[in-house]
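Chemist: Below, each chain spelled out in residue letters.
2 protein chains.
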Amino acid sequence: MNSISDKNYIQQVSIDCVIFGYQNRQLKVLVPKLAYKGDFWGLPGGFIHQDEDIDAAAKRILYDRTGITDVFLEQFQVMGKANRSSRTFLDRLVELNADNPLLLFDRELRQKDYDWYTRRFITIGYYALVDISKVIPHKTNLDESIEWYPVKQVPKMIMDYNEMVKEALKTLRLTLDQKLSAFNLLPDTFTMQEVQDLYEAIFNKRFAQNNFPKKILRLNVLERLEKKYTGAANKAPYLYRFNKEHYNQLSSEEALLADY
Amino acid sequence: MNSISDKNYIQQVSIDCVIFGYQNRQLKVLVPKLAYKGDFWGLPGGFIHQDEDIDAAAKRILYDRTGITDVFLEQFQVMGKANRSSRTFLDRLVELNADNPLLLFDRELRQKDYDWYTRRFITIGYYALVDISKVIPHKTNLDESIEWYPVKQVPKMIMDYNEMVKEALKTLRLTLDQKLSAFNLLPDTFTMQEVQDLYEAIFNKRFAQNNFPKKILRLNVLERLEKKYTGAANKAPYLYRFNKEHYNQLSSEEALLADY
Chain C
1 MNSISDKNYI
11 QQVSIDCVIF
21 GYQNRQLKVL
31 VPKLAYKGDF
41 WGLPGGFIHQ
51 DEDIDAAAKR
61 ILYDRTGITD
71 VFLEQFQVMG
81 KANRSSRTFL
91 DRLVELNADN
101 PLLLFDRELR
111 QKDYDWYTRR
121 FITIGYYALV
131 DISKVIPHKT
141 NLDESIEWYP
151 VKQVPKMIMD
161 YNEMVKEALK
171 TLRLTLDQKL
181 SAFNLLPDTF
191 TMQEVQDLYE
201 AIFNKRFAQN
211 NFPKKILRLN
221 VLERLEKKYT
231 GAANKAPYLY
241 RFNKEHYNQL
251 SSEEALLADY
Chain V
1 MNSISDKNYI
11 QQVSIDCVIF
21 GYQNRQLKVL
31 VPKLAYKGDF
41 WGLPGGFIHQ
51 DEDIDAAAKR
61 ILYDRTGITD
71 VFLEQFQVMG
81 KANRSSRTFL
91 DRLVELNADN
101 PLLLFDRELR
111 QKDYDWYTRR
121 FITIGYYALV
131 DISKVIPHKT
141 NLDESIEWYP
151 VKQVPKMIMD
161 YNEMVKEALK
171 TLRLTLDQKL
181 SAFNLLPDTF
191 TMQEVQDLYE
201 AIFNKRFAQN
211 NFPKKILRLN
221 VLERLEKKYT
231 GAANKAPYLY
241 RFNKEHYNQL
251 SSEEALLADY
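Quick mapping for you: the protein sequence lines, in order, are chains C and V.
As numbered in UniProt numbering, residues 1 to 260 make up the first sequence, in order.
As numbered in UniProt numbering, residues 1 to 260 make up the second sequence, in order.
Hints were generated in silico from the structure; no laboratory data involved.
Just so you know, these numbers come straight off a predicted model, no measurement behind them.
It is possible that part of the hints are untrue.
It does not matter which identical chain is used: a pair holds within one copy or between any two.
[To be verified] For lysine-lysine, the following BS3-like pairs were computed, each having C-alpha atoms within a straight-line distance of at most 25 Å: (1) K81 / K179; (2) K37 / K228; (3) K156 / K170; (4) K156 / K214; (5) K179 / K205; (6) K7 / K235.
Please model the complete structure; the sequences and the hints are all you need to start from.
Modeler: Structure, rendered in structure tokens:
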């Protein structure tokens with residue numbers, strides 16, 4: 001049995017992912033719970049192989065928990081306090097699980113792993129935006145469960161993970177208009193009301209009903225499709241689709257402007 | 001003489017700072033040049049002590065080159081390609097400076113340092129916004145010079161530093177309106193025209209003369225002072241000051257909204 005320290009990972013650096021989804025008018029976060037006594041909730045995370053780009057590592061970690069890869073995934077913040085380590089949480093876990101044979105298997109290995117895991121860790125935070133209907137959350141062999149929690153009801157997590165969720169949400173809000181990232185949380189087609197519901201969930205506030213569609217349509221990235229079939233043809237709302245091509249064009253224009 | 005590897009730094013992680021200033025209607029970046037043959041330009045950078053917060057390390061690096069601390073300083077991007085290392089540049093430097101006695105001093109030490117420096121490095125990019133009139137750039141003992149370059153005329157730098165400047169500029173543009181960060185680049189008082197000139201320098205485009213003041217005043221963070229003395233009282237423009245208190249109030253409101 002190998003120790004984590006034998007694997008060729010970059011030392012003292014990790015990646016953690018805040019994976020956002022949207023369901024029932026609620027912005028949600030994917031939260032795994034560790035398969036040990038003590039109710040330890042965390043974030044999907046992992047380490048970086050020496051020969052692996054950090055973006056590729058984040059993609060791998062996201063894939064391991066969601067089974068999808070082609071999604072919005074960006075850095076938001078590095079957490080780098082000098083005292084940032086998993087020591088407090090791991091000590092508590094070991095204490096509560098003293099009778100767990102897995103933890104007792106090899107005392108020497110355990111010590112080696114313990115030393116590796118409990119050093120100071122700098123973690124690179126990534127946030128992902130996924131269409132929740134396309135994701136079947138996967139447990140790793142360390143997870144008891146993995147579930148979607150509304151951001152307002154995320155349980156108390158280990159280490160600084162609650163703060164990370166908050167920072168990710170800040171970045172999502174801060175850059176939403178320029179990155180047009182919200183549409184990554186919706187299914188392929190949607191009504192204008194569904195866009196407004198989503199924005200209201202993200203910002204946790206109401207937008208004026210008469211201004212919102214104007215503001216969104218002005219972005220010029222939505223393609224109007226047929227009316228949604230509701231039975232009552234008169235009041236049926238239009239369906240829209242996010243026009244990725246147009247958005248890419250916009251992005252290239254932005255890239256052009258960014259040249260210096 | 002000690003090797004860099006004996007110092008208690010976090011391995012394979014560095015910090016690099018893109019320091020922006022504004023002068024003569026140009027957005028500028030502070031660029032040091034190495035005191036070796038070969039025209040090697042870089043960015044102010046350094047490493048992280050094991051007992052030092054990453055934000056504190058960035059502050060220390062900024063202070064070492066500018067002599068100031070109380071300025072806008074934020075992360076913008078981690079550069080983390082698997083092949084990111086200083087090997088190519090260092091090999092070239094050693095080749096061109098074979099006659100430099102400093103590089104020949106201790107062959108064993110040199111090898112140890114070389115191995116340390118040329119491993120893969122993940123770097124955390126910070127950008128700073130400073131009032132250029134308050135900064136006297138400091139050379140370290142590795143610098144031949146350190147100078148302000150207009151962003152459009154930054155020389156070809158080592159490693160991926162040109163890309164980092166571009167990414168920092170992108171972040172500056174992307175978050176300018178929400179962070180109101182531009183005012184950090186101005187002296188304590190300024191005219192509306194000076195604000196517009198600054199915005200135009202940052203975005204490298206012109207804004208309509210009649211809309212711009214309205215847009216800026218609507219932010220509600222500028223305090224109008226007396227008229228600027230120009231000799232011709234009639235046409236003298238007003239001076240403004242960035243109202244930090246009001247901005248802090250706004251920020252707390254944002255923090256409140258960010259609660260979940």
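Chemist: Are the hints correct? Go through all of them and say.
Modeler: For each hint, the structure was consulted:
no., hint, verdict
1, K81 / K179, "between (29 Å within a copy, 23 Å between copies)"
2, K37 / K228, "neither (48 Å within a copy, 69 Å between copies)"
3, K156 / K170, "within (19 Å within a copy, 35 Å between copies)"
4, K156 / K214, "neither (39 Å within a copy, 45 Å between copies)"
5, K179 / K205, "both (20 Å within a copy, 20 Å between copies)"
6, K7 / K235, "neither (61 Å within a copy, 71 Å between copies)"
Against the hints set out earlier in the document, violations occur for numbers 2, 4 and 6.
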